[in-house]
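**Q** Protein chains in written order, with my numbering: chain A, 1 to 126; chain B, 127 to 884.
No wet-lab data here; the hints were simulated from the structure.
The structure displayed is predicted, hence computed values, not measured ones.
Keep in mind that the hints are not guaranteed to be accurate.
Here are some chain B residues pointing at chain A (derived, C-beta under 10 Å) [as the list claims (entries may be wrong)]:
| hint | residue |
| --- | --- |
| 1 | 755 |
| 2 | 856 |
| 3 | 858 |
For each residue, glycine too, the CB sits at the ideal point set by N, CA and C.
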Amino acid sequence: MDSLIGATVRSHCVGTTAVVYASDYLNKLTGEKIERECRRQLDSGCRALVIDFGDTQLVNSIGISILLGIINVAEKNGAQVVFSDVNNQTVELFDMLGLTRHVALARNEQEALSNISGLDPTPTLH
Amino acid sequence: MNTLTSSDNFRRVLGRVPRHEFVGRATELDRVAAQAKPQKSGRGLLLLMAPSAGVSELLRQTFDQFFNERSEVIPIYFGFTRHETTAVSAAIAFLNNFLQQYLAFRRNEPALCNSALTLQDIVELAPPADLDWIDQLVQLYGRVRFSNDDKELVRFCLGAPQRVPTASGRPFVMLDGSELAEDLNNAVALGTELLHVFGRSNQAFVLAGLRRQIINAAHEAECNFESLDMLRLEQLEAEEANLLVENVARRQQVPTSREVRELLVQQFGGSPFFITNFLQAAREHNAALVSYLDCERLYADELLGGYLRRHFDELLEEVVQQLDTRIALIRLLWEAAASGEKSVSVEAWRKRLRLSGGEFVELLRRLHIYEFLNWNGPTLDATTGSQPWKDYLKVNYRLVVMNDPRALVVADAIADSLKRAPHTMALHYRKLGRFSLRDIVGQFDCQHVPRLLFDYSTFATKYKGVSDDELLEGLKTESEFLKLPQTVHVASCYSFKSDFRQVCQEEKCVVGHAFEDGAYNDAHEIIWLVAEIESKLEVEQNTAELWFERLDSLGHTLGFRRYQVWLISNEGFTTEASSFLQSRGALSSSQHQLEVLVDQVGADKSLQPQPLDEADEFLMVVPMGDDNEMLAASTVEQVARRLAFPPAAINQIKTAIVEACINASEHSHSPDRKIYQRFRVESDKLVVTISSRGILPTNVGSGNSSPSNTENNKAADERRGWGLKLIRTLMDEVEFERVDEGTSLRMIKYLRNSSSNA
Numbered sequence: 001m002d003s004l005i006g007a008t009v010r011s012h013c014v015g016t017t018a019v020v021y022a023s024d025y026l027n028k029l030t031g032e033k034i035e036r037e038c039r040r041q042l043d044s045g046c047r048a049l050v051i052d053f054g055d056t057q058l059v060n061s062i063g064i065s066i067l068l069g070i071i072n073v074a075e076k077n078g079a080q081v082v083f084s085d086v087n088n089q090t091v092e093l094f095d096m097l098g099l100t101r102h103v104a105l106a107r108n109e110q111e112a113l114s115n116i117s118g119l120d121p122t123p124t125l126h
Numbered sequence: 127m128n129t130l131t132s133s134d135n136f137r138r139v140l141g142r143v144p145r146h147e148f149v150g151r152a153t154e155l156d157r158v159a160a161q162a163k164p165q166k167s168g169r170g171l172l173l174l175m176a177p178s179a180g181v182s183e184l185l186r187q188t189f190d191q192f193f194n195e196r197s198e199v200i201p202i203y204f205g206f207t208r209h210e211t212t213a214v215s216a217a218i219a220f221l222n223n224f225l226q227q228y229l230a231f232r233r234n235e236p237a238l239c240n241s242a243l244t245l246q247d248i249v250e251l252a253p254p255a256d257l258d259w260i261d262q263l264v265q266l267y268g269r270v271r272f273s274n275d276d277k278e279l280v281r282f283c284l285g286a287p288q289r290v291p292t293a294s295g296r297p298f299v300m301l302d303g304s305e306l307a308e309d310l311n312n313a314v315a316l317g318t319e320l321l322h323v324f325g326r327s328n329q330a331f332v333l334a335g336l337r338r339q340i341i342n343a344a345h346e347a348e349c350n351f352e353s354l355d356m357l358r359l360e361q362l363e364a365e366e367a368n369l370l371v372e373n374v375a376r377r378q379q380v381p382t383s384r385e386v387r388e389l390l391v392q393q394f395g396g397s398p399f400f401i402t403n404f405l406q407a408a409r410e411h412n413a414a415l416v417s418y419l420d421c422e423r424l425y426a427d428e429l430l431g432g433y434l435r436r437h438f439d440e441l442l443e444e445v446v447q448q449l450d451t452r453i454a455l456i457r458l459l460w461e462a463a464a465s466g467e468k469s470v471s472v473e474a475w476r477k478r479l480r481l482s483g484g485e486f487v488e489l490l491r492r493l494h495i496y497e498f499l500n501w502n503g504p505t506l507d508a509t510t511g512s513q514p515w516k517d518y519l520k521v522n523y524r525l526v527v528m529n530d531p532r533a534l535v536v537a538d539a540i541a542d543s544l545k546r547a548p549h550t551m552a553l554h555y556r557k558l559g560r561f562s563l564r565d566i567v568g569q570f571d572c573q574h575v576p577r578l579l580f581d582y583s584t585f586a587t588k589y590k591g592v593s594d595d596e597l598l599e600g601l602k603t604e605s606e607f608l609k610l611p612q613t614v615h616v617a618s619c620y621s622f623k624s625d626f627r628q629v630c631q632e633e634k635c636v637v638g639h640a641f642e643d644g645a646y647n648d649a650h651e652i653i654w655l656v657a658e659i660e661s662k663l664e665v666e667q668n669t670a671e672l673w674f675e676r677l678d679s680l681g682h683t684l685g686f687r688r689y690q691v692w693l694i695s696n697e698g699f700t701t702e703a704s705s706f707l708q709s710r711g712a713l714s715s716s717q718h719q720l721e722v723l724v725d726q727v728g729a730d731k732s733l734q735p736q737p738l739d740e741a742d743e744f745l746m747v748v749p750m751g752d753d754n755e756m757l758a759a760s761t762v763e764q765v766a767r768r769l770a771f772p773p774a775a776i777n778q779i780k781t782a783i784v785e786a787c788i789n790a791s792e793h794s795h796s797p798d799r800k801i802y803q804r805f806r807v808e809s810d811k812l813v814v815t816i817s818s819r820g821i822l823p824t825n826v827g828s829g830n831s832s833p834s835n836t837e838n839n840k841a842a843d844e845r846r847g848w849g850l851k852l853i854r855t856l857m858d859e860v861e862f863e864r865v866d867e868g869t870s871l872r873m874i875k876y877l878r879n880s881s882s883n884a
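Isolated chain A (complex conformation) (with noise of 0.2 Å):
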């Protein structure tokens, strides 16, 4: 967990979609940097987000009150919201607070990226 503190979110970008990487417990410091992370993406231009779990083990109310915010966010920039590789556990804490009425789940990150129309297959590493 330490080692998160002052680390960057890895993220990148498939055309004007921005995946970005949750690490393995979304709490209030990650979750706030995934957030700005988000934001980031969205202010350059992005169209449609991809926060994908794959590492993540454990999420906190905290953490998924941030994603709440980052849906609000992405939904007044008019861009898309995916979920991917969320683990049953988590899925099960989104539904229980209503999280998931508001955004798709894929099983992975490609599948998020063919949910999304406009599909850019070069990656950009940031």
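Since the structure of chain A is provided, determine the placement of chain B on it from the hints.
**A** For chain B alone, kept in the frame of chain A given last:
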């Protein structure tokens, strides 16, 4: 666990606690109730109570049991009080009480027990079947009452239960507080009369009181001991006393922590009387008892002006009424207790108190009965008595003899008891986790055991470092055996020589009187002098020499003709120390040898140390913040795996804990910024308790968020609601407990079939 079962139809008549919460006296209750059986007819039961062991509720519960059974046994309970001043008034009170309780039972109307009825009311309420004899009794009473023969009146009143016709049932009279009956200021010795009247009736009865007083009274009344049974009532065992503290605290709505509950049990020596009164005081002070400090502050208040003080004040006033003599007595008692001197001259006390011979003897007799001291002819020992008694004496001594400022006495009382508390508990835990030397030596009964269990050097050479299995196999091949003697008496060295107080703990040095081969003659008599030396390493020769000399000197001083020194140390003895001990004929063992010895002599498992109750409990304290909730989550994951929770359930538990920790960090305003976590593994569930000091907002825990004005507050409230919502959804049971200085969230996850958890 001696918890009595509850029954929906069970009516509480005299009992002050619900039946299912009456703990620790199930065996005694059965024994008292058995006294009412027809085959016990005519036999009295003397209930010999240790001071403050609490007998009244036991008798009231017995009363309720018979009242509810509706059999031919008619329960009668009467407690003597300090309010009665003469034997006559006490006897009249008994008569009135008897008739009311009799009627209550016969009419099956419990409320009559506590009504204020005149004798005329009683006659009018009497059922037709009882009208004749009750009316006759009342008329006779009117005549005897004004006959000016007090003794006859007392006997008439006490003998009233014998007038009940056989067809109406069998009264079973239980008399409580016999020591108070004895002290009534009258020419008629009521205590003696009680035993005269009941001891010669053909009805079973119970007479309860202080053990030393009852035995004396029975002798003075020239009772036929063959027709009397006896039951001793001691303080509660730790487990039962703990249960009592829990129950009373819950009834009194006093928040307590486990640490404080255990401390109360030890500090009050398992006394139901002290425990109940202390928790009553806590309620009246609106005090939470969650820390040692909470506990000892209240304890100091109690010593200086609460129930404890009133209790001891009343007893001392009974012992001596004149104030100046009482102050002189307090000085003598405290100085003798503080000195540790177990043999003080009675004559010296008599001179200091300036009392006549009769008054002085009466004073000593009463102090002896209350067990404030042991009086043995020309000497007395005032080092006895409970810890609260000693503390009471000390504060009183400082206040009334030394005239110390009250504030200083209060502060010192708190500080002293706070300093003592960890030692009290450490001693208790040590006792729980270790063998008792006294029990081990007491179990010696001519068993044959491998000789090397008493010879550390040989044992270490052959078996040090080998596995337990190999050791047990090896011991089977041993050919040299030592035949243990038969022990007839074991006591701490303290009891023989008080100097030992300065060098070891009481339970770590014992003297065992024994006979070899169980032959009771001088030639076979041998005294074992045993000491356990505190050491984390093998004991060096100089220490072994020192301890050998101590015990050897004790044997010489006490004039033992033949004795055997046995030294024990955790890790055994160095080669030099072992050689020295061998050269002196002393035995030596390590803790390991002792454990094996216990197995060999102790088919009786009572020798084995009792496992701690909380063996399946894990405690963890983490600072708030820095994602430390993840440390708790990782820990609980390991704990939950032991219970074979499926991965999905483990994740749910982890998430719930993370949320609970966040709640504690965000909302508790905790002064120490720490989260206390307790994980308890039970056969079918995991119980997690997350606690913090500090106050939670009132809406937290209610399941509802209060409306807020600002956008930020709304978001915060919403998120807080999420945390609790998650916890409640993920765990099977969730319970908030608010205390004065903290909050605790208790969560339970049940272990189910994996299919239902998936």
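**Q** Decide, hint by hint, whether the structure agrees.
**A** Hint-by-hint comparison with the structure:
For residue 755(B), the interface hint holds, the least distance from its beta-carbon to any beta-carbon of chain A being 8 Å, beneath 10 Å. Satisfaction of the interface hint for residue 856(B) is found here, the shortest Cβ-Cβ separation to chain A being roughly 8 Å, below the 10 Å cut-off. At about 16 Å, the closest approach between the beta carbon of residue 858(B) and any beta carbon in chain A exceeds 10 Å, and the interface hint on this residue is violated.
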